[in-house]
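Below, each chain spelled out in residue letters.
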Amino acid sequence: MSDNTLPNPIWLPMGDQAIMLDYTGFSPVHQAAQKEAGLTIEQREAIAAHIQRLAAHMRRLAPAGLIDIVPALTRLTFVVDPLILPQSSLKILVTLEHEKPLADVALTSRHWVIPVCYDGAFAPDLNEVADRCEMTSEEVISRHLANHLTVSVMGFMPGSAYLVGVDEALTLPRRANPRTKVPAQSVGIAIGQSVIYPLDSPGGWHLIGRTPFPVFDPHRAEPILFDAGDVVEFRRITEAEYHDLEQAYEAGHVTEADLQREMSS
Amino acid sequence: MSVTILQAGPYSTIQDRGRFGYQHLGVPTGGALDREALAIGNILLGNEPNTNGIEICFGGFSIQFDVASRITLVGSIGAKLTVETPAGEISEYQTCDVIEVGAGDIITVPPFGDSLSVLLCIAGGLDVPVIYGGTGATPNAKIGGIEGRILQAGDVVPLGKAGGTPALSHHCQREIFAKRTTLRLMLGPQDFWFKQEAIEALLETTYKVSPQTSRMGMRLQGAALPHKGPADIISDAMMRGVLQVPADGQPIIAMADHGTMGGYTKIGCIIAADIDALGRIRPGDVISFTSVTAEEAALALQQHEAARRAALTVKSDG
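Sequence lines, in order, name chains A and B. So for the first sequence, numbering that gives the first Met the number 0 puts the first residue at 0; every next one is plus one. So for the second sequence, numbering that gives the first Met the number 0 puts the first residue at 0; every next one is plus one.
Same shape as in the complex, but just chain A:
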């Protein structure tokens, strides 16, 4: 493996139709939870990036019987047709590919500038977040705007992205009482990450804003906006701008292309 700071992965079967490669660095004889909790943010991000590279590599290789490849932050799962590609064969295949350098697998990465309104009813948890982080609401907003975030992994619903790189001063656990309904396009923060809800759904993140632009729209040619590796930057807008942009989107005057920035690299 090119990056020797990563823990050695172990294989764990998930039934006979899936097998996962686990990078949390534990073995069954150790206390699994402690090992996982002991990973630093840097280690987790290095693992997540490696997993995305390996997933892209295997997706390109596309061996018969490999049905789905599901990256998570610390584990990579392969879904197989056991009659065509048994787990024992997949393990050998992945292990051989793992020996090769994966750095040349270019991940297509886009840079998004997402408009967010942090005002009024769009930000029901803003004041509480400010109190708990011991700062003003304006400071919460400016810290949320300050960093360019990275999509570390997608899931668990169409278009939902876990965005890492949030200012550490905004790190809070999830809400003790999850809401039964969070409106689609709400922008939330928790556990040092940020999310944009793709659908109306239950949710336990602290809601500090909302974007007028759907990250998931089944009527669009590309229903899902983000992919792993994309960079996301937020742009502050007023409530009036929110409503204008919402109407412009519905009328087809604003599209995904308007939210993309050329990568400077």
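It is worth saying that the hints were derived from the structure and are not from the lab. The structure presented is a predicted model; accordingly, all values stated were derived computationally and were not measured. Note that beta-carbon positions come from the ideal geometry of N, C-alpha and C, so glycine has one too. No false leads were slipped in.
These stretches of chain A come out as covered by chain B in the derived footprint (C-beta under 8 Å, 3 or more residues):
{"#": "1", "stretch": "5-17"}
{"#": "2", "stretch": "60-68"}
{"#": "3", "stretch": "222-235"}
Based on the hints, put chain B in the right spot on chain A.
Frame of chain A, contents of chain B only:
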């Protein structure tokens, strides 16, 4: 060339085999709870293997054809189907019967008792948009079917193009849809997060299927499965048939519409040979689990495929 839904029943959806290759974007696989039944229904009608059908949970479903077609009901031994012609003649059929229907006929699937779901397969299927490689509805993701939702009375759904009379007509023994309440699983991927008594309880006691069961998850009630430490993990991939265990120790089996990621520890996963049997287990049923190795799971799948081939026979003409 369409069907009109007269009664939708409590939870009826258009379903095919599911969406594969898009879980990394958060797109759930969805698909029929009983994909084996779907496969058999499509063989009986001479459809393409991934032709969709209507998955009916609990029954109470009624539909009218505006054109002649061919249908079959699969996924249960006991479910019945009636055909009422415009002249008022009513005939009753059983699962696996292949039925020629005429324009104006009303097909009804009354409530049934043995299975959770049945599939009404139609020659050519239903013509709804393909999104991420599938036509089935996953309502929690607002995707597939008709506007991502369950069927409603009054829906008019266009029929797909039927392939004509199948070259080989098949017969299927409906006993293949017998309910099985002992399910085989492989322990893992996180079985070692649990105390030994959790593994023993899982394999040696029975669990009752909770009324809070849906196409997302089958909740079970029984002996708690205690963790060694916290119940939560850094979220990772989910799979149909996985047994997740939250902090209260009561397992939840992931069903077709599960989210692509889950943050609870997974104690085991139902094997491929038994996974479609989940679509026949109803709330209130009592189920139990046995543990198998990867080698035993591979053999079980071969035996299962052989049993399916044996249940499906080609009818001789005449």
